[in-house]
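Asker: What follows is the residue order along each chain.
2 protein chains.
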Amino acid sequence: MKTDLTATRVIPILGDPVAQVSTPGIWNAQFARTGQDAVCVPISLPAQGLDAFVAWVRLSDNLPGFLTTIPHKAALTEACDRVEPDAQILGVVNTIRRDPDGTLIGEMFDGHGMLDAIEATGARIRGARIALCGAGAAGSAIAIQAIRRGAAGLFISDMVPAQAEALVARLAGLGKTELATGPAEMADAAEILINASPAGSPGMLDAPFPAKVIEAATCVADAVTDPAETVLIALARAAGVRVVQGAEMAAHQGARMRAFLGLEAG
Amino acid sequence: MKTDLTATRVIPILGDPVAQVSTPGIWNAQFARTGQDAVCVPISLPAQGLDAFVAWVRLSDNLPGFLTTIPHKAALTEACDRVEPDAQILGVVNTIRRDPDGTLIGEMFDGHGMLDAIEATGARIRGARIALCGAGAAGSAIAIQAIRRGAAGLFISDMVPAQAEALVARLAGLGKTELATGPAEMADAAEILINASPAGSPGMLDAPFPAKVIEAATCVADAVTDPAETVLIALARAAGVRVVQGAEMAAHQGARMRAFLGLEAG
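Protein chains in written order, with this note's numbering: chain S, 1 to 266; chain H, 267 to 532.
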């Protein structure tokens with residue numbers, strides 16, 4: 001028996017449902033491009049299966065870790081042996097690394113991915129005034145990264161104002177970034193606009209910021225991937241503002257996740 | 267969220283080690299060829315992880331089931347809710363189907379695969395005298411299928427004679443096939459020779475049957491896949507005897523397994 005071989009590394013992505021995730025297709029294309037013997041596979045799993053899933057993953061030496069999407073991001077934070085500091089503040093993880101001894105370490109990369117994508121356009125986060133729509137899991141991760149990277153101001157709006165207020169309260173004291181909340185109409189001083197809400201998705205097509213706010217910005221980023229060209233992106237493009245689409249955020253986030261899992265980020 | 271989509275079907279193959287298995291490569295090529303949205307992935311898992319593995323698989327609706335290799339074939343027989351009759355006699359399974367309600371049904375396909383491959387050459391099992399070397403898991407499965415398909419005689423040899431004798435005792439009364447055991451030298455009345463022992467693998471290169479037995483046969487089959495051309499196969503070929511290589515057995519077995527899992531056998 002050839003025990004000198006290394007098995008293909010398998011990276012499951014858990015969800016319930018999971019059929020909608022595009023990660024396996026994107027990652028597997030990246031693995032093919034970079035010549036990595038690895039495969040990302042979707043796993044449909046209800047919450048009551050998480051404990052068992054984590055138990056065997058600890059023992060499997062060809063699993064560098066796994067990814068998760070809705071609705072397991074919070075529950076898996078509990079299942080990790082260690083959670084990176086920002087993910088701990090957020091209370092959610094989307095990537096769980098399995099170290100060779102079976103230790104599981106969780107991190108949340110939505111914020112890194114979005115801000116890496118914005119900076120890749122040449123925009124600077126340090127010193128910038130940022131307006132963020134959406135104070136859910138992705139929005140919260142983006143907000144922390146904006147603070148970590150030295151944004152001058154962060155204005156957070158949400159369809160549920162109390163959710164934006166709760167996020168601001170949770171982030172207070174984390175950095176020197178000036179935090180504020182209010183309706184998106186009040187975001188007109190922001191250079192960078194970020195949508196981390198479902199606005200722009202099928203069924204809620206309206207842009208999350210009014211046209212005058214979009215036109216006053218220098219960079220507009222949207223976490224929504226379906227459609228690729230949201231109303232927000234279209235309005236920004238028409239106004240000559242540089243744009244970041246959801247797919248670019250996903251690509252940067254993917255590279256971060258792969259590096260965290262010990263794969264070639266590529 | 268697009269919940270009308272169907273997630274890629276994932277078929278893990280468990281082993282410890284698992285890096286040596288060729289099944290994922292073969293199956294994934296078959297899925298690509300037949301246009302099936304499915305992927306077979308190796309999972310390295312020690313025995314203590316089996317219970318947890320089975321627990322989450324029951325809950326995951328994009329897993330039609332899973333495969334297993336050494337050393338889990340016996341332990342997983344216990345984990346199934348139901349084991350098909352021949353696999354129950356064998357006490358081993360290599361394929362576990364997950365029905366939509368989470369029920370797990372185990373079957374062992376080594377015998378089907380080998381005898382399908384032999385019959386695909388035009389050789390007939392019904393009425394044939396067969397000599398089998400190797401009374402382990404694969405050999406036992408082949409022996410049962412030889413009986414089920416009406417072989418006239420089945421002569422079983424094994425490096426450990428007691429193992430061959432135990433198998434014959436276990437198979438007694440299963441059919442009308444005349445059963446016998448002894449050293450492979452005594453197999454000279456057999457029309458069909460089958461190797462299900464490691465003989466021919468690196469480190470134990472000798473053929474499992476003597477030349478005069480090989481030359482007297484009409485069909486010689488070898489379960490060994492590495493090397494593809496074993497000494498047994500080479501000797502048979504040189505003697506003008508029709509041959510079945512390990513890869514052919516694997517291909518036929520794979521088709522049976524996929525059909526059992528509700529995939530296109532193709």
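These are computed hints drawn from the structure, not numbers from a lab.
Heads up, the beta-carbon is just placed ideally off N, CA and C, and yes, glycines get one too.
One should not assume that every hint holds.
[Stated by the list, open to error] Residues from chain S that face chain H, not an exhaustive set, calculated with beta carbons under 10 Å:
1. Pro24
2. Thr34
3. Gln36
4. Ser44
5. Thr103
6. Leu104
7. Ile105
Asker: Does the interface hint hold: is leucine 104 of chain S within less than 10 Å of chain H, judged Cβ to Cβ?
Answerer: 14 Å, violated
Asker: Tell me if threonine 34 of chain S is really an interface residue toward chain H, meaning its C-beta lies closer than 10 Å to one of theirs.
Answerer: 18 Å, violated
Asker: Does the closest beta carbon of chain H sit nearer than 10 Å to the beta carbon of isoleucine 105 of chain S?
Answerer: 19 Å, violated
Asker: Report holds or violated for the interface hint on serine 44 of chain S, using the least CB-CB distance to chain H and a cut-off of 10 Å.
Answerer: 4 Å, holds
Asker: So, as I understand it, the hint says proline 24 of chain S touches chain H; can you test that by seeing if any CB pair is closer than 10 Å?
Answerer: 7 Å, holds
Asker: For the restraint on threonine 103 of chain S, tell me whether the closest CB of chain H is nearer than 10 Å.
Answerer: Where the cut-off is 10 Å and the nearest Cβ of chain H is about 16 Å from threonine 103 of chain S, the hint is violated.
Asker: Under 10 Å is the threshold here; is the Cβ of glutamine 36 of chain S close enough to any Cβ of chain H for the hint to stand?
Answerer: With a minimum Cβ separation of about 14 Å from chain H (threshold 10 Å), the hint on glutamine 36 of chain S is violated.
The structure fails hints 2, 3, 5, 6 and 7 (numbered hints given earlier, in ascending order).
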